[in-house]
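Starting from the known structure of chain A, arrange chain U on it as the hints suggest.
Chains as they are written, first to last, in the working numbering: chain A, 1 to 306; chain U, 1 to 234.
Hints were generated in silico from the structure; no laboratory data involved.
Every residue, glycine too, gets a C-beta built ideally from N, C-alpha and C.
Hints may be right or wrong, so weigh each one.
Unchecked claim - If you only want the chain U side, here are some residues facing chain A, beta carbon under 8 Å, derived:
id	residue
1	G56
2	G77
3	Q80
4	R94
5	E98
6	L103
7	P122
8	K125
What the hints assert, rightly or not - Chain U is nowhere near these chain A residues, computed Cβ spacing over 12 Å in every case:
id	residue
9	I83
10	W95
11	P107
12	F125
13	Y179
14	L187
15	D190
16	I199
17	A276
18	V288
What the hints assert, rightly or not - Computed spacing ranges between beta-carbons, pair by pair:
id	chain 1	residue 1	chain 2	residue 2	range
19	U	N61	A	T166	15 to 25 Å
20	A	K50	U	Y11	20 to 30 Å
21	U	P122	A	T178	26 to 36 Å
22	A	Q172	U	N61	51 to 61 Å
23	U	K67	A	M281	47 to 57 Å
24	U	A166	A	S236	50 to 60 Å
25	A	S76	U	S119	52 to 62 Å
26	U	W116	A	Q180	40 to 50 Å
27	U	L128	A	Y78	52 to 62 Å
28	U	W116	A	M281	52 to 62 Å
The residues making up each chain are set out below.
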Amino acid sequence: MCFQISILNSQFQILMSFDTFLNLFAASILTAGLYATMSYGLALIYGVMKLTNLSHAGVLMLAAYGTYWLNTLGISPYLAPFIVVPLWFGIGIVWQHTLVKRIMLMPPIASLLFFFGIWLIMQNFAYLVFKSDIRSITNEATLLTYKLGPLVLSQNRLIVFFAGITALVSLQLFLTRTYQGRAIRALAADAEAARLSGIDTDRISALAFGLGIALAAFAGCLMALIFAFDPEFGRSHLLKSFCIVVLGGLESFVGVALGAIMLALAENFSIQFMPAALQDMVSFVLLVIVLLTIPNGLMSLLKGKK
Amino acid sequence: MLTVNNINVFYGSVQALWDVSFEVKQGEIVTLVGSNGAGKTTSIKTISGLLSPQSGSITLNGERLDKAPAHKIVDMGIAQVPEGRRLWAGMSVRDTLELGTYLPRARADKAKNIEWVLSLFPRLKERLSQAADTMSGGEQQMLAISRALLSKPKLLMLDEPSLGLAPVIVENVFDVIRQINQQGMTILLVEQNVNHALNLSTRAYVLETGHVVKSGNSVDLMNDPQVKSAYLGL
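Next up, chain A with everything else stripped away, as it sits in the complex:
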């Protein structure tokens, strides 16, 4: 292809071929699918319970290890979510009923410290059981790629993308079409009014918390297919999740999707200008800029225009 896109930089001009552009764009969209899955659990728990779940990162990490461990037992990593996700859903419900319920009544600093503590325990648990070696799941299937004209797509990234989107769409249908799902939204909007409509807010909180944790676990399973991980895994993804949730405005599904696309684009295209090692920095810089300029997220801009 002879078509060229030029991007002007203060020091030098980089020429990006159309093929590169196309591949980066496709990679961004695929990454965005995973990012949206990864951050929606955080947004759900914040939206419904006003809790910042720092242990989100620990769930991502332990779910990745779960997938790895099942793989060593001979269970395909593509089937692992069917075991790992329901397990974490259950753990989430038990957590809510035993510990989180009490934390919710305390000032925010208590819940932040609580979830931070849980995260540290999870990390130490992983060090104890899985050691500090970097693990990854590789077999012939994980390395497969497809060529679609100029596009080169990895099979695993495609699977991760479609699995993530399927999970998000199912969750969205649940939240909009069922009694329990609508009750979760009602609880997020006005808990007292929810109680006055006969909604058992303790039970619905537990359901929302379980779903948020389950979604994090699902994202962790998917990440195990494409990333290497150790017990520290999840830390940068937690910050990316915050960045996406803040970008998208809290509590909004469309917002989370938009935020995920923005971050994925920024990250993938930044590689053209700066060392890949600095890629994680993009999300943090973006987070700071967004907090300073549009603290209510992209959706607030859209609403303002109306």
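Relative to the frame of chain A, chain U by itself:
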């Protein structure tokens, strides 16, 4: 039907209700009147379980409910239309109505009941897919009343339904309250518009700083010189 017996309610260490007693009989419209801070909303919130009394009892048809959680009290048959409507922001009118039928016993004839509330408030029919919080104050009040009715209550409690509404809409809302009462609904009303409330209700209780200071038939209270000067500005 509803008996409130000597309840004492505190906000932290501040006592808001002092030995408050009143009752609502089947088919009545009873109103609690009083100035701001007299304890009207506190009374209603205590009945619906959002607050719990330190002593005293509340019974519905002989069944104790002062120890039950709020969602159980709704299931027992008491619905509250809270002050300020408290609709769920961002949720459509249709979803709000659907969620009004959340209780299993209310889901049974959901379609019929939604049709019934839409016949009470035809304006909501044109607004079904609109977000609840983007409607006018009057329409929001109609939706809040509909949501409460859809839980199929025996007793409907309304907290300041006329607050912030245009006079013509207030008439409309009061007409509907009268209409559902004629269809057999027992009603407990809290209202700052004392004139309206006394006109609508069968009996009334006057609250002052957390005490019941007067009670009787609404007609009698309307002619009571003290009530006249304190609340009716006559």
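Results of checking the hints against the structure:
no. : hint                           : verdict
1   : G56                            : violated, 22 Å
2   : G77                            : violated, 11 Å
3   : Q80                            : holds, 5 Å
4   : R94                            : violated, 10 Å
5   : E98                            : holds, 6 Å
6   : L103                           : holds, 4 Å
7   : P122                           : violated, 23 Å
8   : K125                           : violated, 20 Å
9   : I83                            : holds, 32 Å
10  : W95                            : holds, 21 Å
11  : P107                           : holds, 16 Å
12  : F125                           : holds, 36 Å
13  : Y179                           : violated, 6 Å
14  : L187                           : violated, 9 Å
15  : D190                           : violated, 5 Å
16  : I199                           : violated, 6 Å
17  : A276                           : holds, 40 Å
18  : V288                           : holds, 28 Å
19  : N61/U with T166/A: 15 to 25 Å  : violated, 50 Å
20  : K50/A with Y11/U: 20 to 30 Å   : holds, 22 Å
21  : P122/U with T178/A: 26 to 36 Å : holds, 28 Å
22  : Q172/A with N61/U: 51 to 61 Å  : violated, 42 Å
23  : K67/U with M281/A: 47 to 57 Å  : holds, 56 Å
24  : A166/U with S236/A: 50 to 60 Å : holds, 55 Å
25  : S76/A with S119/U: 52 to 62 Å  : holds, 57 Å
26  : W116/U with Q180/A: 40 to 50 Å : violated, 25 Å
27  : L128/U with Y78/A: 52 to 62 Å  : violated, 42 Å
28  : W116/U with M281/A: 52 to 62 Å : holds, 59 Å
Of the numbered hints listed earlier, those contradicted by the structure are 1, 2, 4, 7, 8, 13, 14, 15, 16, 19, 22, 26, 27.
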